[in-house]
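Could you build all of it, start to finish, from the sequences and the hints given here?
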Amino acid sequence: MTNGPLVIVDRVQKSFHHVPVLKGLSFEVSVGEVCCIIGPSGSGKTTMLRCINRLEKIDGGMIYVSGCPVGVTVHGGKLREMRPKDLADQRRDIGMVFQSFNLFAHKTVLANIIEAPVIVKKVPRKTAAQEAHALLARVGLADKADAYPDQLSGGQQQRVAIARSLAMSPKLMLFDEPTSALDPELVGEVLAVMKDLANDGMTMIVVTHEMGFAKEVADKVIFMDDGDIVESGSPAEVLGSPRQPRTQSFLARVS
Amino acid sequence: MRPDLTKPDAGDPLRQLDAKDIVRTPKPRQWIGTVIALLLVSMFVHMLVTNANLQWNVVGQYLFSHEILSGVALTLELTLLAMLAGLAIGIIVAVMRLSGNVLLQRISLAWIWFFRGVPPLVQLIFWYNLASLVQSVSVGVPYGPTFIHWQTNSMITPFTAALLGLAFTESAYAAEMIRAGIQAVNKGQVEAAHSLGMTGAQAMRRIVLPQALRIVIPPIGNDTISMLKFTSLVSVLALPDLLYSAQEIYARTYQTIPLLLVATIWYLVLTTILTVIEYVIEKRLRRGHSRPRAGLPTMPGSRWRLIPGWQGPTPKALS
Numbered sequence: 001m002t003n004g005p006l007v008i009v010d011r012v013q014k015s016f017h018h019v020p021v022l023k024g025l026s027f028e029v030s031v032g033e034v035c036c037i038i039g040p041s042g043s044g045k046t047t048m049l050r051c052i053n054r055l056e057k058i059d060g061g062m063i064y065v066s067g068c069p070v071g072v073t074v075h076g077g078k079l080r081e082m083r084p085k086d087l088a089d090q091r092r093d094i095g096m097v098f099q100s101f102n103l104f105a106h107k108t109v110l111a112n113i114i115e116a117p118v119i120v121k122k123v124p125r126k127t128a129a130q131e132a133h134a135l136l137a138r139v140g141l142a143d144k145a146d147a148y149p150d151q152l153s154g155g156q157q158q159r160v161a162i163a164r165s166l167a168m169s170p171k172l173m174l175f176d177e178p179t180s181a182l183d184p185e186l187v188g189e190v191l192a193v194m195k196d197l198a199n200d201g202m203t204m205i206v207v208t209h210e211m212g213f214a215k216e217v218a219d220k221v222i223f224m225d226d227g228d229i230v231e232s233g234s235p236a237e238v239l240g241s242p243r244q245p246r247t248q249s250f251l252a253r254v255s
Numbered sequence: 001m002r003p004d005l006t007k008p009d010a011g012d013p014l015r016q017l018d019a020k021d022i023v024r025t026p027k028p029r030q031w032i033g034t035v036i037a038l039l040l041v042s043m044f045v046h047m048l049v050t051n052a053n054l055q056w057n058v059v060g061q062y063l064f065s066h067e068i069l070s071g072v073a074l075t076l077e078l079t080l081l082a083m084l085a086g087l088a089i090g091i092i093v094a095v096m097r098l099s100g101n102v103l104l105q106r107i108s109l110a111w112i113w114f115f116r117g118v119p120p121l122v123q124l125i126f127w128y129n130l131a132s133l134v135q136s137v138s139v140g141v142p143y144g145p146t147f148i149h150w151q152t153n154s155m156i157t158p159f160t161a162a163l164l165g166l167a168f169t170e171s172a173y174a175a176e177m178i179r180a181g182i183q184a185v186n187k188g189q190v191e192a193a194h195s196l197g198m199t200g201a202q203a204m205r206r207i208v209l210p211q212a213l214r215i216v217i218p219p220i221g222n223d224t225i226s227m228l229k230f231t232s233l234v235s236v237l238a239l240p241d242l243l244y245s246a247q248e249i250y251a252r253t254y255q256t257i258p259l260l261l262v263a264t265i266w267y268l269v270l271t272t273i274l275t276v277i278e279y280v281i282e283k284r285l286r287r288g289h290s291r292p293r294a295g296l297p298t299m300p301g302s303r304w305r306l307i308p309g310w311q312g313p314t315p316k317a318l319s
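Those sequence lines, one after another, are chains A and B. Letter by letter, the first sequence follows residues 1 to 255 of our numbering. Letter by letter, the second sequence follows residues 1 to 319 of our numbering.
The set of hints was computed from the structure by calculation and includes no laboratory data. Careful, some of the hints might be misleading.
What the hints assert, rightly or not - Under the rule of at most 30 Å between Cα atoms (straight-line distance), these lysine-lysine pairs were calculated in the DSS-like manner:
#1 B/283 x A/195
#2 A/122 x B/229
#3 B/20 x A/107
#4 B/187 x A/171
#5 A/57 x B/283
#6 B/283 x A/23
#7 B/20 x A/144
#8 A/126 x B/20
#9 A/85 x B/187
#10 B/20 x A/121
Please read these numbers as outputs of a predicted model, since none were measured by experiment.
Rendered as structure tokens:
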């Protein structure tokens with residue numbers, strides 16, 4: 001069963017200081033599916049993504065990954081927040097790539113990649129390093145293992161960040177505007193790595209402003225505005241012939 | 001060919017001037033200042049050389065004497081131990097202060113308030129007299145049975161009293177520095193660590209603290225130099241540190257000024273060495289934070305007041 005839902009977002013609500021930013025939205029992402037979330041700034045799409053690995057707590061509804069509720073346990077009919085250790089275990093399977101890369105500034109590229117496998121999964125350092133070199137080759141940075149993050153371009157840093165997430169062999173990858181902080185000429189190299197990842201069958205949820213990428217790679221596009229889903233469907237439906245006027249006006253502005 | 005601009009017929013001055021031809025402007029006031037400064041410096045040096053009361057021969061006689069050298073050793077030992085203990089406690093207090101637990105926050109605030117507020121000299125004397133307040137210390141179940149038992153009088157030696165006073169004072173300052181260092185580490189670093197499945201403690205130990213400590217190396221170096229000087233306070237507890245050793249000698253020989261000079265020379269030598277060590281450590285730790293990629297490493301000028309004019313080791317020697 002390759003096509004069961006890996007991620008279920010069910011009536012999710014979230015407020016910041018009593019201002020609702022997610023207004024009870026629901027969607028599903030199947031195994032191997034690439035889902036792009038688009039929408040104007042402040043529409044809640046980044047918050048939505050951050051709720052999936054519980055960098056943000058939700059106030060209502062529930063999110064399930066691999067059939068387990070995220071960040072909470074059900075025990076004796078009572079819902080409780082997970083112990084920090086269990087939440088950490090749950091997050092191992094959910095990779096995340098940030099807009100601002102967030103590479104560990106004091107560690108080399110190699111050390112960045114092997115950090116979590118060695119510390120969290122207790123993989124022997126040597127094995128982890130071998131895998132790291134393979135991942136670096138995959139993202140086209142085989143020669144940068146000993147560089148420090150600030151010696152790399154933004155595009156290179158973001159590719160290292162992707163490799164770092166992949167080192168934990170996640171079932172799901174979350175991308176939070178991965179190319180928004182990049183110079184235009186560096187966007188392509190990161191999108192190429194992501195496309196490659198999608199072709200390999202990785203389940204991905206991507207918050208992005210790259211309509212070209214969404215059109216070409218996504219299986220499903222979600223258009224969000226004002227904390228809710230306005231329209232969702234295949235790229236051809238949402239991007240090609242949007243039905244909602246809000247989607248139409250947004251697409252007219254960005255393209 | 002330069003035109004003579006004083007003549008009316010010099011023609012159009014545009015596109016004929018060249019910045020290469022600029023001559024030095026005379027600065028008479030700067031010259032006067034220089035002369036006065038040189039005069040004062042030469043008077044001071046003259047006094048150092050000719051004033052018989054300085055007794056340089058006595059300085060030379062005692063500079064490497066056994067008593068003084070063992071005093072130097074004790075001063076260094078106290079500095080090192082007090083800094084290590086102070087930093088260790090400081091890290092704990094800083095983490096408590098930033099924890100979500102209100103009680104821990106309050107305790108750490110109270111700790112910082114107390115040990116930053118009480119002068120180290122008062123603390124030294126207070127710790128030394130601890131036995132008059134608490135007769136014995138024991139380890140066991142609170143209000144229950146005890147396992148180990150000490151008499152305070154035998155536990156609190158002048159050395160432990162000095163160490164406690166200095167380390168606790170340092171811990172209060174270190175906690176504030178380290179807290180600032182932790183807060184200066186980008187929040188994204190913790191989020192990245194969490195998203196990779198690291199727990200809060202792992203993220204703190206592996207990702208945040210190493211970067212925070214790097215940020216606070218300069219103030220820690222500064223504190224170490226202060227600490228070296230603060231250790232001279234322990235002479236009130238009759239601990240034979242550098243100052244007390246010098247005092248002991250001049251109490252016998254009445255050669256007060258030359259022995260104070262001996263102490264001064266040693267303090268300056270030690271602070272200079274610490275300054276250089278600090279610079280080297282800082283360079284090493286700068287990995288990953290604006291490493292010198294192209295061009296020279298930056299040298300924060302204000303940090304080199306101890307050695308005016310010296311720009312530190314040449315960049316080549318360090319790379």
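A quick look at each hint next to the structure:
1. B/283 x A/195: Measuring from Cα to Cα gives roughly 41 Å; hence the hint is violated.
2. A/122 x B/229: At roughly 46 Å apart (the allowed maximum being 30 Å), residue 229 of chain B and residue 122 of chain A break the hint.
3. B/20 x A/107: violated (48 Å)
4. B/187 x A/171: Satisfied, since the Cα-Cα distance of roughly 25 Å is no more than 30 Å.
5. A/57 x B/283: Given that 30 Å is the threshold and the Cα spacing comes to 41 Å, the pair is violated.
6. B/283 x A/23: Since the Cα atoms of residue 283 of chain B and residue 23 of chain A sit roughly 51 Å apart, the hinted pair is violated (cutoff 30 Å).
7. B/20 x A/144: Given pair residue 20 of chain B, residue 144 of chain A is violated - Cα atoms ~45 Å apart, limit 30 Å.
8. A/126 x B/20: Roughly 61 Å separates the two Cα atoms, so the pair is violated.
9. A/85 x B/187: holds (20 Å)
10. B/20 x A/121: violated (66 Å)
Going through the hint list in order, the structure does not satisfy hints 1, 2, 3, 5, 6, 7, 8, 10.
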